[in-house]
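Work the whole structure out from these sequences, hints included.
Number of protein chains: 2
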Amino acid sequence: MTWLDAVRWDADGLVPVIAQERASGDVLMFAWMNREALARTAESRQAVYWSRSRQRLWHKGEESGHFQQVHEIRLDCDNDVVLLKVTQLGHEPGIACHTGRHSCFYQRLEGAGWVAVDPVVKDPQSIYR
Amino acid sequence: MTWLDAVRWDADGLVPVIAQERASGDVLMFAWMNREALARTAESRQAVYWSRSRQRLWHKGEESGHFQQVHEIRLDCDNDVVLLKVTQLGHEPGIACHTGRHSCFYQRLEGAGWVAVDPVVKDPQSIYR
Chain A
1 MTWLDAVRWD
11 ADGLVPVIAQ
21 ERASGDVLMF
31 AWMNREALAR
41 TAESRQAVYW
51 SRSRQRLWHK
61 GEESGHFQQV
71 HEIRLDCDND
81 VVLLKVTQLG
91 HEPGIACHTG
101 RHSCFYQRLE
111 GAGWVAVDPV
121 VKDPQSIYR
Chain B
130 MTWLDAVRWD
140 ADGLVPVIAQ
150 ERASGDVLMF
160 AWMNREALAR
170 TAESRQAVYW
180 SRSRQRLWHK
190 GEESGHFQQV
200 HEIRLDCDND
210 VVLLKVTQLG
220 HEPGIACHTG
230 RHSCFYQRLE
240 GAGWVAVDPV
250 VKDPQSIYR
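The listed protein sequences correspond, in order, to chains A and B.
When we follow the numbering used here, the leftmost residue of the first sequence carries the number 1, and every step to the right adds one.
When we follow the numbering used here, the leftmost residue of the second sequence carries the number 130, and every step to the right adds one.
Just so you know, these hints were derived from the structure itself, not from any lab.
Glycine included, each C-beta is placed from N, C-alpha and C at the ideal position.
There are no misleading hints in this set.
Short, incomplete list of chain B residues facing chain A, as computed with Cβ under 7 Å:
1) Ile-202
2) Asp-205
3) Leu-212
4) Thr-228
The following residues of chain A were derived to be distant from chain B, with all beta-carbon distances above 12 Å:
5) Asn-34
6) Arg-35
7) Gln-46
8) Leu-57
9) Glu-63
10) Phe-67
11) Gln-69
12) Leu-89
13) Gly-90
14) His-91
15) Gln-125
16) Ser-126
What follows is the structure, encoded as structure tokens:
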């Protein structure tokens, strides 16, 4: 029995993960991990997710250089959701989103529509070459 | 086409939801919503989730009195994760977790084990009568 066994993996062997910026408290992104991704994250102290679309391990920042340094790994009361406290590396301010924005949660409901309310920090075409 | 149609609901018609305390930035909990839950949340400005275990709408606080006032509803870049900015009502400091803690994410990985590092604010037996 290890700490990895305490996690309640879902039917696909995954657990949802929230990445929160330690310094600002901003929620940066949401992704998934399998057992190996979580083990690697804990060992390397950099976020490694499971890409459901590509069906492979995804070392966040492997293409963009925007790695996530992991300060804390937390687990919720049901043992089925993980929260990371991170520093978003590679750019100041940190860019977690593939659109070149700080956070993936840049759309806000205003009236009857979603509005992009946060700026693009850096052109994604200059991030992903 | 409404703003609800823009959400990419999963195969079960659900979307993952992160509730973050507006004042502190603390991530309080993680849950799920179906279309009706999100519509009710937007209309009432109180968080209404979909309970997967009970297979019914769950007005957060209906048993505990610890409702969540919703200030902002955000959507991520893939349109498949929702972030709420809330005030956790009914107690000061707010109690979002059924264990009587402020946040559900009270377990931290330390060495090779999960450690409960945040205190119980109020005995859950006195919350759920």
